[in-house]
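Start from the sequences, fold in the hints, and give me the full structure.
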Amino acid sequence: DVKVTQSSRYLVKRTGEKVFLECVQDMDHENMFWYRQDPGLGLRLIYFSYDVKMKEKGDIPEGYSVSREKKERFSLILESASTNQTSMYLCASSASDEAFFGQGTRLTVV
Amino acid sequence: AQRVTQPEKLLSVFKGAPVELKCNYSYSGSPELFWYVQYSRQRLQLLLRHISRESIKGFTADLNKGETSFHLKKPFAQEEDSAMYYCALSPHGGGFKTIFGAGTRLFVKA
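Protein chains in written order, with my numbering: chain X, 1 to 110; chain E, 1 to 110.
These are calculated hints, taken from the structure and not from any lab test. From a predicted model like this one, the values you see are computed outputs, not experimental measurements. Wrong hints could be hidden among the right ones.
Below, simulated DSSO-like cross-link-like pairs (lysine-lysine); rule was C-alpha separation at most 27 angstroms, straight line [stated by the list, open to error]: (1) E:K57 / E:K15; (2) E:K97 / E:K65; (3) E:K109 / E:K9; (4) X:K3 / E:K97; (5) E:K65 / E:K22; (6) X:K3 / X:K71; (7) E:K57 / X:K3; (8) E:K57 / E:K73; (9) X:K55 / X:K71; (10) E:K97 / X:K71; (11) E:K9 / E:K65; (12) E:K97 / E:K73; (13) X:K53 / E:K97; (14) E:K97 / X:K70; (15) X:K55 / E:K97; (16) X:K57 / E:K97.
Below, the structure is given as structure tokens:
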């Protein structure tokens with residue numbers, strides 16, 4: 001059973017803080033993703049990675065960066081959190097066509 | 001441009017009534033189409049994929065290439081079907097850069 005685990009379920013951070021969202025998967029998947037989930041906008045891809053140390057920008061990368069030092073771990077970094085980054089963040093991994101999602105991290109920036 | 005459109009943000013039906021969640025896509029090629037579902041307080045998960053042509057929890061979806069549609073249907077809705085449904089498109093053979101629609105919230109009334 002594939003498991004994708006996000007380190008926090010809820011986070012509250014202050015404007016300007018550097019924020020790290022962590023994601024770990026245990027199925028040796030090559031591909032990992034970070035999405036934002038906002039009402040009325042669906043899931044929007046921020047970044048994805050198809051191998052260790054490899055990353056590609058998604059549709060909304062501005063204000064974010066990522067790190068993939070190990071195959072099982074994909075981190076999303078908000079360099080300087082802003083209130084418009086308040087959202088639900090979903091991590092996913094896949095080997096082929098199906099994406100497996102984490103439980104999500106609800107981030108509030110105040 | 002690649003795009004997935006779900007025209008209804010909210011769909012409300014009575015228990016036992018038929019339900020159809022609409023999905024239209026635009027893609028220059030042969031994409032793979034999926035429906036994902038998110039029940040309350042659960043993680044987003046795959047419901048069905050068009051290539052398997054199977055019925056999951058009574059739901060079916062037929063890919064209509066002429067109309068570029070992939071509508072999700074169930075003849076008799078149940079209360080436990082209440083959830084958020086996302087239509088998604090993935091480039092043929094690829095697991096990454098899956099594109100999601102904005103989602104439709106289905107509410108099945110008793």
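To test your reading of the hints: which numbers does this structure violate? none
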